[in-house]
Amino acid sequence: MLVILKKIFYIVIILAINLYICEYIGNKFAARMEIRRGYRVTRVASAGFPMIRFIKFLSMDNRVNIWTFFIFIISFLMWSAVPITGSLVMVEEDYSLLISFTFYIALVIMMLLNSSRSSHNEIFSENCKKLLIQLSFIIPLLLSSISVVLVNKTLSLKEMVNSQYECWNIILQPVGGLTFFVSMFFQLKILGINRKSYLSAAIDTGKEGKGLGRVIDKIAIYMIIFFLIVILNIMYLGGWQSFYIVRGEIMLALKFYFIFIMLLLLDKITGRVDSYKLMVRINWKFLIPVSLVNFIITLGFFVARDIYNLI
Amino acid sequence: MFDDIYSKIYPSAKSVFMEETERNLGFILKDKVIGVFKAGLDLLVEVSSDNFHDVVKELKENPELKVNSFQSVATYKRDNKIFMIADLSSTVNGFSVLLRTKISSKEAEKDYFKIIDILKKFYKAAGFYQRRAREDVSNPDIRIPPGILDGLDCFELDIYADGDVIKEANINIDVSRVVDGGYYKDMEIYNLISYASRFDWKAGIFPEVCLCGAFEGLLQLKLTDRARYIRMLLCELSRISNHIYFISNICNILQLDIAFNLSLLERERVLRIMETITGSRINPNFIRIGGVKEDINIEILVSIRKALPVLFKNIRVIEKMVTSDFTVIERLKDTGVISKELALEYGVSGPNLRASGARYDLRRDRDFISYKDLSFKIPVGRKGDCLDRVSIRFSEIFQSLKLINQMIGKFPEGEHIKKINMLHLEFQPGMISYSIECPHGIFKIYMEVGRKRVRSMIVMGPSLNSLILSGQILKGNNLEDIDIILMSLDISPGEIMSTGK
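So the protein lines, in turn, are chains F and R. In terms of numbering that gives the first Met the number 0, the first sequence is residues 0 to 310. In terms of numbering that gives the first Met the number 0, the second sequence is residues 0 to 500.
Calculated directly from the structure, the hints in this document are not laboratory data. Careful: at least some of the hints might be erroneous.
Simulated crosslink set (DSBU-like; lysine-lysine; CA at most 35 Å straight-line) [said to hold, decoys possible]:
| hint | chain 1 | residue 1 | chain 2 | residue 2 |
| --- | --- | --- | --- | --- |
| 1 | R | K105 | R | K166 |
| 2 | R | K29 | R | K120 |
| 3 | R | K120 | R | K101 |
| 4 | R | K305 | R | K417 |
| 5 | R | K319 | F | K27 |
| 6 | F | K217 | R | K59 |
| 7 | R | K221 | R | K305 |
| 8 | R | K166 | R | K474 |
| 9 | R | K184 | R | K109 |
| 10 | R | K184 | R | K418 |
| 11 | F | K254 | R | K319 |
| 12 | R | K305 | F | K276 |
| 13 | R | K120 | F | K284 |
| 14 | F | K267 | R | K109 |
| 15 | R | K417 | R | K120 |
| 16 | R | K312 | F | K27 |
| 17 | F | K284 | R | K382 |
| 18 | F | K267 | R | K312 |
| 19 | R | K120 | R | K474 |
| 20 | R | K166 | F | K284 |
Based on the sequences and whatever the hints tell you, model everything.
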């Protein structure tokens, strides 16, 4: 019992530190751009800035409801089956991929329900549409994950990392890795990394409240971002595999922050994708067909090799 | 030299045409009107409210006149009498008519709406001014209050939607009205000029040029070449700054952070040049009757010439960044399409009209300042969608840079102002209307002047026409496109706040 509590404590600490650092990096990027533009240095985003923002949020009007509570719970439950390192995992399961993906999709649906509580028509329709766009971006992500499952022949995230000791899955599944990254990136664009989120940004904030509910929304968005980056690392980039003399944990952290900063930069140079037309163009006409073809090729390769012994 | 002598002796072709039209109009509408007068390059037709319907019908349906475009409606008070002015224009024959009618002060509101109803029969756009039924405004599906859309804090938008498709959009500009015609009444003229740049704070030099141009028209004052070139230089710099600001707004909506920041940096570069010339960035207060406030020295011209290639290069980079992104193209293409006929009917002008395919620019079509000395192209779009409106602005920036380069190449010597004693300045009492091509369209000022002071003044900004039309083109679009369509019309809140109604 104590061991599990200790692990939970470590995981929460790691998540909290990451939250602080990522919020700091995001704010710093925005502040640097504003200073470059010639603004006065009123918001340089110093080390204490995330904390100040948090307190500012809390001081606002609080309107928390039952969905906010569920979002808060699930955003932490999502980490129950995800191994952060070889030993740091709350529950060791053979189906950890399935469990973690279930929690992740449940969190997105919870956010849909949370946004639909609004009595404001525009917020309601806009948010529902954006979340449905978000859900449709999960399809290529799932398809490329199944290809990886076929390659590694396991549903356990820990075993996936262990089976990459010779070469990372990105070398075996480059197209799958790319589609995973692209679909992840567009999901994060809809969630909003360092600017105001499409989901929680309400036109009439007076009706929606600005306080604790908004903080929990923000935490949930960060949790989804962290979760996807960690899953990408585990499935394609070797997870916590050590690199020569560099320890696995440090490698994981380096890869995590590298991807996070890449996402921030990409976020700055690409436009918004909350329109239905764009979603069709990007997702249904590009990502889903590509990931489907990748999955069929992978499946065909294993069927030909393992069942018919052709290769 | 011959050109100069010619322009001194003979009037311009435009004014000869207007005199002819005045005679024709007087003949056609002989029994129905009180009189036809010339007010600048527009014609003022004085009508009694009983004959209003017949006159409008004749203007619209007579094949020789074909007054097909509705511009605006405004009211003003003079000597305890209320007058109403309807600005109509013929895009086929290229002239505009101001219909002035007196409405009784006791039942002003009733008469006003009666005339609006008459106008509405012939011009759809006049429906904007009609009285709204209480049930229409009481409970819309979505109400977007002013200040929610970035930079468009001058109107309230009521939307009736079916799912996320807009069925009807009503615009209410009463929430932001700050000035009426009476504000300018009996104001000292030098105070009025310093106030003018507030009419359009996105490009503040143009209202000043327009106002001073109107006074110069009344005084029949001819400017020196140097003064004209300084005015043109400032106009083009202002046009560039306005268009870059427009692009930055579009980038902000599309959330292209880097292009947004880069375009604001370039705007800063242009505003600094304007600051070195005028001493102010947004409200220049630099144009005077008879010229400009101060002369430009050679160092400033050299520094502008040095800045031109840098501006050109950087704006090209921004253009590439915006127009090469397929997410941007996908979003702007086929969104908010304005056909040429619709734009002309609603009196839209400027880049918004040119994006729809009509090649109409006052700089070329009328002898506005000295643009006939310079060579430039008028960029024209095809479809009239948001993408066309954005790319037209980019092309206009490059044309303006080309114009500035030409101006600096042949900047004339001489005096920058004709000295006038403002304290003893007297006008021939009368009315004048003067219009210029500002970055949003055709900016028009109508004034009635007494011997020493302005008796009444009406500002007719082009943004209001674009705003009225936006109510039409929003229909059938998705809710998520509201901000991009409204922003692509480049609406200037200053104009709408000071436009008379």
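For this session: Could you check the structure against the hints above and give me the numbers of any it violates, in ascending order?
Result: 1, 6, 12, 13, 14 and 15
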